[in-house]
Each structure stands twice: as C-alpha cells, then as structure tokens.
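Residue numbers (mature numbering (1 follows the signal peptide of the UniProt record, and there is no 0)): -26 to -1, 1 to 180.
By construction, these hints were calculated from the structure, which means they are not laboratory data. Where hints are given, some of them may not hold.
[To be verified] Subject to a maximum C-alpha distance of 35 Å in a straight line, what follows is the list of computed DSBU-like cross-link-like pairs (lysine-lysine):
#1 K99 <-> K176
#2 K105 <-> K10
#3 K45 <-> K85
#4 K142 <-> K161
#5 K142 <-> K10
[To be verified] Listed next, with one range per pair, are the computed distances between beta-carbon atoms:
#6 M145 <-> M91: 17 to 27 Å
#7 T163 <-> D43: 21 to 31 Å
#8 G158 <-> Q114: 13 to 23 Å
Every residue gets a Cβ at the ideal spot worked out from N, C-alpha and C, and that includes glycine.
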Amino acid sequence: MKLKKITIITASAAILILAFALQALAMDFSAEFVEKDGDSVRKGKIYMTGQKSRFEMEGMDEIEVTRADKKVMWIIFPKKRVYVEEEFWGVIPGDIGETGAPKDTGDLSRKDLGYEMVDSYRLKKFLVTVKYNKGETQDQYYEWYRTGFPIPVKMESMNGAVSYEYKKIKMAPQDPSLFNEPKGYKKITIDELEKLEAEWAKDKKK
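Use the sequences and the hints to build the structure in full.
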C-alpha cells in the first residue's frame, strides 16, 4: 500500500489547509466536510487549530492527524490500537527545502467572479489559477469564501467532477488532545501495516 492510499482523507484537503495555514494561525474551528470525486462521495469531520488538523472519515476506521508545525502526520487506527507515522508531504508556503531555496508552491492568482448562494450562504466566488515552472504549466479551479472565514469553504475543479466543501462550520477553541500523538498505541511502519491489513481482510471473510 502506498502512502497516498491510506491518506485519502486529506488527499485534496491538505493543499487547501496548508495553502492558508500561515494566515489562519489564530483560527480554531470544526466542521463536517464532503469530498466528491466523480461518483465517489466521502464525508467526515475536520478539526483545526493553527497548523494542526484532524480528519475523521465517515465509515472508516481511520483518523489522520497532520502536524504541519512538526512536519509529521499520524494515520491512526483506533480499533486496532496502531498508528503509522510519516513525514508530512504537504507544502507550507515559504518552506525551505534541503537546497536552502524556497519550494515551488506556484504563482497563484484569483479572478473575482462575484457572489453566489451556496447552502443559504452568500459566498464570494473566485477562479484560481496556479502557474508552475515560470508559467509553463498551470492548474485552475474554483473557490468560494464566507465572510469572516479565511479558508475557502468550497473548492471545485473546472469541470465540477471533483470538489471539497465544509458544512456546519463551528468557530470555537479545539481540544488540544485531538492533535496529539496517540498514547498506548503501537507505532508501525507502512510495510507492517500492509501485513496487518491482509490479516484484517482475512478476518472479515470469516
């Protein structure tokens, strides 16, 4: 199993969280989220405080805690009392790589598309363009912002096939223990996890 397989919880969300983490350090919130990828729909909850986030995917025995401040990520399996620790693969704006030069996070620009009603909220809509390699390649997608909330409440691909949206946002201090490394759990490697998952799959068939 590759890391991206077991971290699908934040596959699309991590870019969103980290792209705005530095300007939202003082923001604490929790919310439900809906992630769509074609016909696939995943729902769950997110908790965030500063550069710490916690994702709980609905219907999955898996929790992901991302600590951008420590550059580490924990994939936790509560029922099995095990977890995997990995170096955080996201990019923090202005982060410095091993070469000592800033990482290429792209040249981002936004085009104001006015307001649009989403779930009874009047949201500001933007077309986002991110250019890489001095403009040789680029990505484009839509973002919607709610007044007083610095992170986009919705992101969507140009063709509408992929989207990520926050619902039932609650601005409030979060329990610090939500973002801690799990105590009383066994730390395992990706290879060990693959073996355990094979055993779990056998147990389910019995």
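Outcome of the hint check:
1. Between K99 and K176, the direct Cα distance comes to roughly 48 Å. Violation of the 35 Å bound is thereby established for this hinted pair.
2. The straight-line distance between the Cα atoms of K105 and K10 is roughly 24 Å, inside the 35 Å bound, and the hint therefore holds.
3. With a C-alpha separation of about 32 Å, the suggested pair K45 and K85 falls inside the 35 Å cut-off, and the hint holds.
4. For the suggested pair K142 and K161, the alpha carbons sit about 33 Å apart, so the restraint of at most 35 Å is met.
5. A distance of roughly 17 Å separates the Cα atoms of K142 and K10; the hinted pair therefore holds under the 35 Å criterion.
6. Distance hint for M145 and M91: a CB-CB separation of about 21 Å, consistent with the stated range 17 to 27 Å.
7. With their beta carbons about 23 Å apart, T163 and D43 fall inside the hinted range of 21 to 31 Å.
8. Between G158 and Q114 the Cβ separation comes to about 46 Å, which falls outside the hinted range of 13 to 23 Å.
Comparing the model with each earlier hint shows violations of hints 1 and 8; every other hint is respected.
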